[in-house]
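**Student:** Construct the entire structure; sequences and hints are all you get.
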Amino acid sequence: MGACLALCSLASCASCLCGSAPCLLCGCCPSSNNSTITRLVFSFFLLMGTMVSVIMILPGMETQLRKIPGFCKGGATVIGVENQVNCEIIVGYKSVYRMCFAMACFFFLFAAIMIRVRSSKDPRASVQNGFWFFKFLILVGITVGAFFIPDGTFNTVWFYFGIVGSFAFILIQLVLLIDFAHSWNKIWVGNAEESSNKCWYAGLLTFTVLFYALAFAAVVLFYVYYTQPDDCVEHKVFISLNLVFCIIISIVSILPKIQEAQPHSGLLQASLISLYTMYVTWSAMTNNPNRNCNPSLLSLVSNISTTQSPADSNPGQVQWWDAQGVVGLIIFLFCTLYASIRSSTNTQVNKLMQTEEGRGSGGEGVVGEDGIRRAVDNEEEGVSYSYSFFHFHLCLASLYIMMTLTNWYEPDTTMQVMQSSMPAVWVKMSSSWLGLGLYLWTLLAPLIFPNRDFN
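Count the sequence shown with mature numbering (1 follows the signal peptide of the UniProt record, and there is no 0) and you get residues -16 to -1, 1 to 439, in order.
Check each hint, because a few of them may be wrong.
Here are the simulated SDA-like pairs of lysine to any residue, each with C-alpha atoms no more than 20 Å apart in a straight line [unchecked claim]: (1) 170 <-> 424; (2) 105 <-> 95; (3) 220 <-> 207; (4) 220 <-> 208; (5) 182 <-> 171; (6) 182 <-> 172; (7) 241 <-> 421; (8) 105 <-> 115; (9) 170 <-> 185; (10) 220 <-> 405; (11) 241 <-> 169; (12) 119 <-> 129; (13) 170 <-> 192; (14) 170 <-> 430; (15) 170 <-> 425; (16) 119 <-> 99; (17) 119 <-> 89; (18) 170 <-> 247; (19) 220 <-> 209; (20) 220 <-> 266.
Bear in mind the hints are in silico, worked out from the structure with no lab data behind them.
**Tutor:** Here you go:
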C-alpha cells in the first residue's frame, strides 16, 4: 500500500509541475506543443493506474495486508479497532477490475465532455489542457468509490465490457502499428534517397527479414506445441488461416498497381503486421480452456510433460506475468506512448484515428512575462487530434489492461475463481482478421477510389 501511495504522490507532483489552465511547461519539461504535453500527461494517468494494478495483483499482497492489525476483515485485530477492509477486494483480479473500472469511467467522462471541440478557443479546451490537480483528484475519487462496489454480478458483467473494449483496442493497436511502419519506411527511404547511403535500405531489409523470420518461426512453434494430431482443430484452422492471410497481404503490398498508388507501401509494413497477427494468434490460443491444446509455457521451456497451466494449480490465482501477458503489456506501452506523440502524414490512418495531418511536435517554448516557459498552443486554428476520440481510446486501453493483467480469464461467480474461456479466444481471433482487413484496405483504397486523396 505504501508503494501505491508513493505512486499517487508522484502523479500529483507531476500533474502540478506540468499543468495549469494553459498547461505550463516548467524547467523539467522540454519545449513542445500543448497538444503533445496534454496527451502525455493523460497517458501518464493511465500508466499510473496500470502500475497500481500490477502492484495489487502481485502474489503475497493479501498476506502482507493481513499482517496489519485491524486492517483486514477476519485478520489480526487490535483492541478497540474494528476490521473494516475486505482484503480479498483490494488485491487480486477484483482489485484490477475496480481500478480499471475507475480509469475507464474517468476517460469516458472526458470523452463525453470533449465532444466536438474544434480549437483551443473553445472553453472546454482549457479543461482538456489544464487543471491537472483537479483531474487527479477526480480520478482518485472515482477509484476509491469503485472499491465500494459489492461483488454480486459486477465482475462477470465487467468482464464482458472488457472483452468488447479490448476487441476495439486491439484494432486501434494495429492501426497505430500500421502508422508506425508507414512512418518508419518513409523516413528511412527518404534518408537513403537524400544521402545516397545504401545502409538505410540495408536496415529496412534487415528488419523486414527479421520480422518475417520471427513470424514464420512462430507458425512452426504453434503447429508443434499448440496442436495435436487428433485434437485442437480450432488451433489448426486459426494458424493456417492467419498464415494464408499474411501471405496475401504481403503479396498485395508489392503489386505494381499498389506501389504506383502507394509509393511508400512495402514489405516492412506487411512483415510487422504479420508478426503482430501471430502474436494475437498465440495470445488467443493461450486462452483455450482445453489444456491438451494449451500447454503452459513452463512445461515447454523446461520440457516437463504436463498440460496443466500455472493457474490450474490455484484456479483463483491470476498470474499476469505469463509470457503472452508480458508481451501484451510491452506492446500496450509502446502504442500508448506512440499515440501521445504521433504526428502522422498518412491520410488514411489519420481518418481512422480521427487526427489531423501532422504539424510537428517540436515547438519553441514561449516564455511569459512571469519568466515561466509555456507550451506552444498549436491548436488555435484547429485541434491536431480529436479530444473525445483520444479519451475514448484511453478508455478502451483501460479495459485492455484489465484483460491483459487477468490473462483474459473469466470470473466464475459460483466458485469465485478465474478460468480460461472460449469467448476470449474468438474475440482475439476475430480482431486479428478484422485488423488484417483494415491493413488490406489501406492498400486497396487508392485503387478503389482513385479520385480521392489518400496521400
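**Student:** If a hint holds in the structure, say so; if it doesn't, say that too.
**Tutor:** Hint by hint, here is what the structure shows:
For the hint pairing residue 170 with residue 424, the CA-to-CA distance comes to about 18 Å; that is within 20 Å, so the pair holds. Only pairs whose Cα atoms come within 20 Å are accepted, and residue 105 paired with residue 95 is accepted, the gap being roughly 18 Å. With a C-alpha separation of about 7 Å, the suggested pair residue 220 and residue 207 falls inside the 20 Å cut-off, and the hint holds. Note on residue 220 and residue 208: the hinted pairing holds, with a Cα-Cα distance of about 11 Å set against a maximum of 20 Å.
As the CA atoms of residue 182 and residue 171 are separated by approximately 14 Å, the hinted pair is consistent with the 20 Å bound. Note on residue 182 and residue 172: the hinted pairing holds, with a Cα-Cα distance of about 10 Å set against a maximum of 20 Å. Between residue 241 and residue 421, the direct Cα distance comes to roughly 19 Å. Compliance with the 20 Å bound is thereby established for this hinted pair. Distance restraint check for residue 105 and residue 115: the Cα-Cα separation of roughly 16 Å lies within the 20 Å cut-off, and the hinted pair is therefore satisfied.
Our distance criterion of 20 Å between C-alpha atoms is met by residue 170 and residue 185, whose separation comes to about 11 Å. At most 20 Å may separate the alpha-carbon atoms for a hinted pair to count; residue 220 and residue 405 meet this at roughly 18 Å. Between the alpha carbons of residue 241 and residue 169 the distance comes to roughly 19 Å, so the proposed pair stays at or under 20 Å and holds. Only pairs whose Cα atoms come within 20 Å are accepted, and residue 119 paired with residue 129 is accepted, the gap being roughly 15 Å.
A hinted pair counts as satisfied when its Cα atoms are at most 20 Å apart, and residue 170 with residue 192 qualifies at roughly 14 Å. Using a Cα cut-off of 20 Å, the hinted pair residue 170 and residue 430 holds, with the two alpha carbons roughly 18 Å apart. A C-alpha spacing of about 19 Å is found between residue 170 and residue 425, which places the hinted pair at or below 20 Å, so the restraint holds. Distance restraint check for residue 119 and residue 99: the Cα-Cα separation of roughly 18 Å lies within the 20 Å cut-off, and the hinted pair is therefore satisfied.
Proposed proximity of residue 119 and residue 89 is supported: the alpha carbons are some 13 Å apart, at most 20 Å. The hinted pair formed by residue 170 and residue 247 meets the criterion: a straight-line CA distance of about 9 Å does not exceed 20 Å. For the hint pairing residue 220 with residue 209, the CA-to-CA distance comes to about 11 Å; that is within 20 Å, so the pair holds. Distance check on the hinted pair: residue 220 and residue 266 sit about 12 Å apart at the alpha-carbon level, within 20 Å; holds.
Checked against the numbered hints listed earlier, the structure breaks none of them; every hint is satisfied.
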